[in-house]
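Asker: Sequence:
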Amino acid sequence: MLSVQTDTGTSIFEGLQIQELWHASKMTGFPSALWRLPHTNEIKLLISIQDGIRKCLPELEKMSPGFVMSTFYWEDDQEVLFLEGDIILTFSEDNRLTQIDNRLGEEHPEVKRLVQLASSAGAENPVNPAPAIQLLPLSDRPDAKSRFERTVELAVAAIRQNQFKKVVLSRAKDLRYTDAFQPAQAFQRLVKAYPHAFISLVNLPEENEIWLGASPELLVEQLSAGTFKTMSLAGTQAARDASGTLIPKYDIRWGEKEIEEQALVSRYIIECFKKIRLREYLETGPKTVLAGNLYHLRTIFEVDTVALNFPELASVMLKLLHPTSAICGVPKAPSLQFINDVEGYNRSYYSGFLGPAQVGGDTNLFVNLRTVRFKDGVATFFAGAGITEDSVPEQEWLETELKCDTLLKVIGSTL
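Quick note, the sequence shown lines up with residues 3 to 417 if you use the numbering used here.
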């Protein structure tokens with residue numbers, strides 16, 4: 003792979019900005035992904051030119067650099083979407099191009115076409131800060147609240163009948179958006195608003211969809227140095243009071259329902275370790291963490307795969323973990339069946355997983371939460387809530403509203 007440090011000033015990508023390149027890749031029909039990892043300042047743009055989107059088994063340690071995306075309904079023997087990293091551009095926080103990884107070379111005709119289109123787009127439409135997009139309510143789901151609350155009632159009844167211990171129910175919220183919507187600017191708004199989240203923007207031209215998200219939940223991380231990491235994230239409280247003031251972390255008090263919900267997810271991860279006889283792991287937490295406009299409980303699990311001589315651990319754990327109890331339920335099989343029976347819509351890529359694989363030798367896959375799909379003029383926001391025996395339907399509805407607002411309040415204004 004050709005790696006060019008742009009300080010030399012010799013690259014044809016020099017001077018181009020994120021939004022121009024994103025727009026050009028979209029216009030040329032190339033699948034692409036933008037992302038920013040939590041607690042970092044680098045933004046990466048991946049463009050897949052030669053093979054478009056292909057499907058493969060997520061054998062993470064064997065993959066070439068690329069971007070992975072999977073639906074919620076994924077079995078461990080199924081393939082996932084893979085965007086090959088033909089071009090991976092790295093930008094600094096101030097939108098300055100700092101590194102180019104271009105496996106095709108700058109003389110490749112499609113690379114030249116991409117750059118020319120990006121250059122002309124920048125000349126014709128200088129990048130200016132755009133106002134928040136206007137999102138118009140749709141009236142096709144007038145009974146959404148009552149229907150969701152009814153599914154919560156059914157779930158609580160099933161839990162009391164010992165069908166399962168917990169289930170995560172979700173819903174979709176549709177709003178219209180106009181042609182003025184600029185995905186890359188919406189992405190950059192989220193980057194600034196949520197430094198602790200995985201911010202991603204993925205263009206799937208074959209499905210005519212764009213997915214934008216700010217996920218707080220790591221599924222699997224495998225660093226080139228050998229460290230594997232996953233987390234349990236559950237329990238939800240509003241992070242701001244009625245006046246909009248951030249509630250200090252030390253003032254947060256967790257109830258029995260939230261503590262038990264989080265403990266179920268942690269026990270699920272430990273059970274996955276036990277299945278592969280892995281006992282050497284470091285467990286840290288649970289701790290209260292801020293994610294957008296919400297607080298959650300989080301426990302982190304780490305493993306030294308070099309010491310254990312277990313380089314394929316991330317691939318093995320991905321198959322065991324997904325779908326985790328934080329997005330499905332406990333036990334997995336009956337809660338998944340319940341979701342199929344009562345939710346009444348296709349989650350698609352919501353609560354699936356996505357992220358870069360083998361980029362710079364590191365793999366970082368996140369659960370696709372706090373996400374919105376843009377398709378055919380409709381912005382579909384997704385949100386879920388963990389249901390236990392103590393759940394109150396009205397409160398669970400409000401939790402999903404708060405989760406939708408994580409994105410809404412940053413990227414759009416509603417009428």
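No lab work stands behind these hints, which were simulated from the structure alone.
The C-beta atom is built at its ideal place from N, Cα and C for all residues, glycine as well.
Warning: the hint list may mix true and false statements.
[Stated by the list, open to error] Pairs of lysine to aspartate or glutamate, EDC-like flavour, derived with a Cα cap of 20 Å: (1) Lys231 <-> Glu282; (2) Lys259 <-> Glu81; (3) Lys251 <-> Glu345; (4) Lys194 <-> Glu209; (5) Lys28 <-> Glu282; (6) Lys321 <-> Glu108; (7) Lys277 <-> Glu314.
[Unchecked claim] Distance ranges between label pairs, derived from CB positions: (8) Lys114 <-> Pro207: 16 to 24 Å; (9) Leu400 <-> Arg281: 35 to 43 Å; (10) Leu225 <-> Lys276: 47 to 55 Å; (11) Lys114 <-> Lys277: 49 to 57 Å; (12) Glu403 <-> Pro197: 18 to 26 Å; (13) Pro250 <-> Thr12: 46 to 54 Å.
Asker: So, for every hint listed, does it hold in this structure?
Answerer: Now the hints, each set against the structure:
A C-alpha spacing of about 13 Å is found between Lys231 and Glu282, which places the hinted pair at or below 20 Å, so the restraint holds. Using a Cα cut-off of 20 Å, the hinted pair Lys259 and Glu81 is violated, with the two alpha carbons roughly 36 Å apart. At roughly 34 Å between alpha-carbon atoms, Lys251 and Glu345 are farther apart than 20 Å, so this suggested pair is violated. Between Lys194 and Glu209, the direct Cα distance comes to roughly 29 Å. Violation of the 20 Å bound is thereby established for this hinted pair.
A hinted pair counts as satisfied when its Cα atoms are at most 20 Å apart, and Lys28 with Glu282 does not qualify at roughly 45 Å. At roughly 38 Å between alpha-carbon atoms, Lys321 and Glu108 are farther apart than 20 Å, so this suggested pair is violated. Between the alpha carbons of Lys277 and Glu314 the distance comes to roughly 15 Å, so the proposed pair stays at or under 20 Å and holds. Our hint of 16 to 24 Å for Lys114 and Pro207 holds, since their Cβ atoms are close to 20 Å apart.
The beta-carbon spacing between Leu400 and Arg281, approximately 41 Å, falls within the hinted interval of 35 to 43 Å. With their beta carbons about 24 Å apart, Leu225 and Lys276 fall outside the hinted range of 47 to 55 Å. Hint check: Lys114 to Lys277, Cβ distance near 50 Å, so the stated range 49 to 57 Å holds. For the pair Glu403 and Pro197, the beta carbons lie near 24 Å from each other, so the given range of 18 to 26 Å is met.
Distance hint check for Pro250 and Thr12: the Cβ-Cβ separation is about 51 Å, which falls inside the suggested range of 46 to 54 Å.
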